[in-house]
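Novice: Got chain R; can you put chain L on it based on the hints?
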Amino acid sequence: MKDHQELRDQIPALALGILEPDQTGSLQQHLAGCPTCQREFDAMLDIVGHLGYGAPDAQPPAGMRERIIRKVQPENHAGGLPKIGFWRRLTGWKPAFSFISLGLIVVLLVSNLLMWNQMRPATGEDFSTIRLFGTGAMHQASGLIVISPDGQYGTLVVSDLAPLPADQQYQLWLVRGDQRATGAVFTVAESGYGTIKVYSHDPLVSYDTFGITIEPFGGSPGPTGEKVLGSK
Amino acid sequence: MNDSRLDDKALVGLIQNADTQAFHAFYDRYVNLIYSIAYGILESRALAEDITQEVFLRVWRKIERYDPTRASLSTWLGVITRNLSIDLARKQSRASQKMSWADVLDGHNSEQTTPEELTELNLTRNRVREALSMLPEEQREALAMAYFREMSHSEIAAESGEPLGTIKTRVRLGMQKLRGLLIDEK
Numbered sequence: 001m002k003d004h005q006e007l008r009d010q011i012p013a014l015a016l017g018i019l020e021p022d023q024t025g026s027l028q029q030h031l032a033g034c035p036t037c038q039r040e041f042d043a044m045l046d047i048v049g050h051l052g053y054g055a056p057d058a059q060p061p062a063g064m065r066e067r068i069i070r071k072v073q074p075e076n077h078a079g080g081l082p083k084i085g086f087w088r089r090l091t092g093w094k095p096a097f098s099f100i101s102l103g104l105i106v107v108l109l110v111s112n113l114l115m116w117n118q119m120r121p122a123t124g125e126d127f128s129t130i131r132l133f134g135t136g137a138m139h140q141a142s143g144l145i146v147i148s149p150d151g152q153y154g155t156l157v158v159s160d161l162a163p164l165p166a167d168q169q170y171q172l173w174l175v176r177g178d179q180r181a182t183g184a185v186f187t188v189a190e191s192g193y194g195t196i197k198v199y200s201h202d203p204l205v206s207y208d209t210f211g212i213t214i215e216p217f218g219g220s221p222g223p224t225g226e227k228v229l230g231s232k
Numbered sequence: 001m002n003d004s005r006l007d008d009k010a011l012v013g014l015i016q017n018a019d020t021q022a023f024h025a026f027y028d029r030y031v032n033l034i035y036s037i038a039y040g041i042l043e044s045r046a047l048a049e050d051i052t053q054e055v056f057l058r059v060w061r062k063i064e065r066y067d068p069t070r071a072s073l074s075t076w077l078g079v080i081t082r083n084l085s086i087d088l089a090r091k092q093s094r095a096s097q098k099m100s101w102a103d104v105l106d107g108h109n110s111e112q113t114t115p116e117e118l119t120e121l122n123l124t125r126n127r128v129r130e131a132l133s134m135l136p137e138e139q140r141e142a143l144a145m146a147y148f149r150e151m152s153h154s155e156i157a158a159e160s161g162e163p164l165g166t167i168k169t170r171v172r173l174g175m176q177k178l179r180g181l182l183i184d185e186k
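Chains R and L supply the protein sequences, listed in that same order. According to the working numbering, the first sequence is numbered sequentially starting from 1. According to the working numbering, the second sequence is numbered sequentially starting from 1.
Looking at chain R on its own, in the form it has when it is part of the complex (with noise of 0.2 Å):
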């Protein structure tokens, strides 16, 4: 076993990501329970952060600036069109057309409720979520599953899932015990965002957990892939 000096001699080579690959793995685990390794990693990855700027001026080709800037659009920000405050929108509108606007909204709202009070003996109870958390290299995914208030039907939303090559899909199981259930099969777009509706023969509040796996095209019978996302 290699003893403390000769793996903190090997950060270097990790940090700047040529260090040969069956030392990688030693190494890796000496980092997680190593807090001092672990702050020398940091220091060595900041390192070749700054290599960066070592790299000899290339001036970039004119028009550049106007095609990048083109693509740059808020429909295809990961948060979507930007974040105006309510108040902020209605204020910027003249005086005449927020009052308008203004008691329009409320008359809607009073409408609502008294909609809403009417509906609530019909149905009886409410929809139900159940959010999926990422996990390992898609731990900033998150994910949302809404049922129905019958339990029967489902709609899954994920965010921020990495898209996949062409012969892969997500698949999301039902996990009852140690049986698991296919609920849907899908991709996202290249934003990471899908949604798409949930099918299973038994009410879905019946399940005990969720999770999707990376899965070969059309799916699995059984999870065989990376999991990416889960209930907890």
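Don't take each hint at face value.
Label-pair ranges, simulated between beta-carbon atoms [stated by the list, open to error]:
#1 R:Thr224 <-> L:Asn83: 20 to 30 Å
#2 L:Arg70 <-> R:Lys71: 42 to 52 Å
#3 R:Gln28 <-> L:Gln92: 56 to 66 Å
#4 L:Glu64 <-> R:Lys71: 41 to 51 Å
#5 R:Ser128 <-> L:Arg70: 28 to 38 Å
#6 R:Leu108 <-> L:Ala46: 49 to 59 Å
Just so you have them, the derived chain R footprint on chain L, three or more residues with Cβ under 8 Å [claimed, not checked]:
#7 44-57
#8 62-74
#9 79-91
#10 142-154
Bear in mind the hints are in silico, worked out from the structure with no lab data behind them. All of these numbers come straight from a predicted model, not from anything done at the bench. Each residue gets a CB set at the ideal place from its N, CA and C atoms; glycine is no exception.
Specialist: Chain L alone, transformed into the frame defined by chain R:
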């Protein structure tokens, strides 16, 4: 307020809010750094533009992935640009064959910088080049092969004809010396 005067933190906040004007200021601040890294690795204007575009679109769509507690914005951009460029170089079976810090350092003279050029970017660039110029040439060369071509120790040893242990030492000492010059001095 002119967005070009905002600091990185403020610009990132505005970009998270889909502010295109802030993105324009961000582009102007970092395009030379990103394009230069990509061109240094790929030695192709067209491919460097592809990478530059990919980096900026990622910033626009996924800026929330940037964690300011882990790295400065320029470090984060530099690492993304290098990784994407090296991946593309491998796919296209091409990589910089002659890249060396020497070309950069030959023209380096911080005293020639005019006041207008004393942006933070230029100051950092001068500081890094100054630090690189203080390394022994063999350490600089080993680091250039590692940085621009992501060559392993054994690949560098084979190309330079030096023993493997010597190359390992050069890379390690070079990085440690740069750390002392660039980080510990803060």
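Novice: What are the numbers of the hints the structure violates, in ascending order?
Specialist: 2, 3 and 4
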